[in-house]
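**Student:** Chains A and B supply the protein sequences, listed in that same order. With this note's numbering, letter number 289 in the first sequence gets 289, and the count goes up by one each step, no holes. Convert by adding 304 to the 1-based position in the second sequence; the result is the number in this note's numbering.
Because the hints were derived from the structure by calculation, they are not lab data. All C-beta atoms, glycine included, are put in the ideal place defined by N, C-alpha and C. There could be a bad hint or two in this list.
One side only, chain A facing chain B, incomplete, derived with CB under 7 Å [what the hints assert, rightly or not]:
#1 ALA56
#2 ALA59
#3 ARG210
#4 LEU217
#5 SER221
Some chain A residues flagged as far from chain B (calculated, every beta-carbon gap over 12 Å) [to be verified]:
#6 SER213
#7 THR224
#8 PHE249
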Amino acid sequence: MRLGYALGEVGHGLRRNVSMVISIVLVTLVSLTFVGTALLLQFQITQMKNYWYDRAQVAIYLCTDSSPSAACPQGEASADVKTTVEQRLDSQLIKPYVQRYYFENHQKAYQNFEQEFKGESIAQYVQPNQLNETFWVKLKDPNQSAIITQSFNGVAGVEEVRDQRSYLDQIFSILNAASLAAIGVAVLMLLSAALLISTTIRLSALSRRRELSIMRLVGASNFTIQLPFILEGVVAATIGSVLASGVVFGIVHFFVQGYLAQVLPFTSFVGVGKALVVAPILVGIGVILSALASGVAIRRYLRI
Amino acid sequence: MIRIDNVTKQYRGANRPALDGVSLEIDKGDFVFLVGASGSGKSSLMRLILREDVPNSGIVHVLGENLRRIPGRRVPYFRRKMGMVFQDFRLLPNKTVAQNVAFSLEVIGKSRAFIQTAVPDVLEMVGLGHKANNLPSELSGGEQQRVALARAIVNKPAILLADEPTGNLDPATTEEIMRLIERINAAGTTVVMATHDRGIVDRMQKRVVVLSQGKIVSDARDAGYLLAGEATSVAAPAVTIEEEE
């Protein structure tokens, strides 16, 4: 088997089928861009989870005068309630799970609120005593928030116990759904890419059937006969996957870092490093998929 | 060299076997004509010898290989020891004469150095040294068949299979091609040639195997005498049909 011969045949085949090759390149480009985007989203979710789960706390909201009466029949929580909550947080039962906690009174809550909604009209209407006094509990293991929720829900004077992670989980499940949707589209596109590759290879074999019949006649090995076709598919798909890697790199560099990171400065976004992780995965998928598709196609076309 | 034992081959959808209990032995260096009407089974027999097909029953032994048992990946290596020419030459129209011959060596992995000496040698032998750089379309039919012969023998095969090699050629050219095939045979290559042309068979005085309706009806060396008798049975297959019924 001479490599020069195989490469010459590949070049020949690629030139002969230019339009089909371009369509393979485009389909792999688009499908692998979807795969890459889905991978980036997963990286983003993991990164945000690490960041936010570390900071997420459990809030024990105490009753105010304006709380709904179902949860707070006696109105504003008394000093006794605060002592009870404090004692229970310090009890042997709960203390081992708690890393630290602090109390936020009406005044502090109002300051935080003002800061958060600075310049918005709602800040003018809210009074300090409308905002809950809150015990912010930081757990050693954020997964064990149920312990706090169960111990304090229903305690007189406590309006609600809320794990902040429940807000985050909603965001993550939206991101996750988006990445699953991208994967779903990618799988369909990859399927059509595989079919397109096998059709192209079959066409290419058909246009070279004279050569092929002579090759079989003079005893060229199956490997020699098949390799140029498999390489043809692989070369086209590799071009597509390298371009897809470039697009993923561009998305990270120009859109995520260049735009999103500027607009949302307090969120941690995936960096170019992650694109460098995604690129070899995309090229790998492209090469394996095309080798399989063209290998199967040519094997079914050429029986001995 | 070639041993065919009680071989039957029926193609799917055919109502009668293409080969029906055929037995044949061909020794090294033999020159054998296969004659018979269209559909008598000549081409089917050649396809079995080249392992293009596998018989439904019976044994095909060629060059020490049992062709029913040979694994698929070894078939190409088996075919390298065979040469084959056809009525329609089967040259690549976009390659020159030399490239056509070189192609068959390139694809079996011969070195460039070997190709550079073997191709001019074989073209010289078939008398086409001066047309090495012409395209097949610029050659006459006889010349094209010589290129095909050059391609078939350039790798020094043990057996040359020729399926109606003179079918498209005029009598004078036919004579040239037959002289060439005889020279190839004289150099030690076993030749099996299927033909319709009784003139050739009469002149060459070689072993003749006559096929009719997938059966061997005669196999004799003194061809001229026998063929005259067998030709009638080839021409009148009704006799055989009556026998079958």
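**Student:** Each hint needs a verdict: does it hold in this structure or not?
**Tutor:** Status of the hints after comparison with the structure:
Taken as an interface hint, ALA56(A) does not check out: its beta carbon lies about 61 Å from the nearest beta carbon of chain B, beyond 7 Å. Among the interface hints, the one on ALA59(A) is violated; its C-beta lies about 71 Å from the nearest C-beta in chain B, farther than the 7 Å criterion. Taking 7 Å as the C-beta cut-off, the interface hint given for ARG210(A) holds, the closest approach to chain B being about 6 Å. Interface hint status for LEU217(A): upheld, as the beta-carbon distance to the closest one in chain B is roughly 6 Å, under 7 Å.
Checking SER221(A) against chain B: minimum C-beta separation of about 5 Å stays under 7 Å; hint holds. The Cβ of SER213(A) does not lie farther than 12 Å from every Cβ of chain B; its closest approach is about 7 Å, which violates its non-interface assignment. For THR224(A), the shortest C-beta to C-beta distance to chain B comes to about 6 Å, within the 12 Å cut-off, and the non-interface label is violated. With a minimum CB-CB distance of about 41 Å to chain B, PHE249(A) clears the 12 Å threshold, and the non-interface call stands.
Hints 1, 2, 6 and 7 from the list above are not met by this structure, while the remaining hints are.
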